[in-house]
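**Q** I would like the entire structure built from these sequences, with the hints used as guidance.
The sequence shown begins at 50 in this note's numbering and counts up by one.
Hints are computed from structural coordinates only; laboratory data are not their basis. There may be inaccurate statements among the hints.
Restraint-style ranges between C-beta atoms, simulated for each label pair [as the list claims (entries may be wrong)]: (1) P102 / D132: 15 to 21 Å; (2) E151 / R127: 28 to 34 Å; (3) L62 / D114: 29 to 35 Å; (4) E148 / A90: 18 to 24 Å.
Keep in mind the model is a prediction, meaning the values are calculated, not measured. The beta-carbon is built from N, C-alpha and C at its ideal position, and this holds for glycine as well.
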Amino acid sequence: MAIQATYERHPDLGCEAVVFIDDESMACFQIQRDLTGGPRADEYCVSTGASAPVYGAITEWRRVDDRFEFALTSRAGRLFGDDVLSFVVIPGDGATVDELAEHVDRLLR
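**A** Here you go:
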């Protein structure tokens, strides 16, 4: 399954995110973090874009070429319907897969 992915920075909302959207189902998986100085800038969360955030939801992640794989906690797994999300990434907004992977690494630190 191929997923459109973008990096978004929203100073007006005080956060940044890597957003993954399935163009067919419109399902969304996003990794978010408050910008520096925000109340939770020291931790990341995941969301469907419409759900409440789940903090510390990714136990491990890896990149294999253009495929991103995320192992989720059981709570996040219930939200997304599986404990592992794996998909081929198609970068949007002129980004590269390398740039998106760098953002994911930084947000998860």
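**Q** The structure should be examined with respect to each hint, and the outcome stated for every one.
**A** Outcome of the hint check:
1. P102 / D132: 15 to 21 Å: The hint (15 to 21 Å, Cβ to Cβ) holds, given that P102 and D132 are roughly 18 Å apart.
2. E151 / R127: 28 to 34 Å: holds, 29 Å
3. L62 / D114: 29 to 35 Å: With Cβ atoms ~32 Å apart, the hint holds.
4. E148 / A90: 18 to 24 Å: The hinted range 18 to 24 Å holds for E148 and A90, with Cβ atoms some 21 Å apart.
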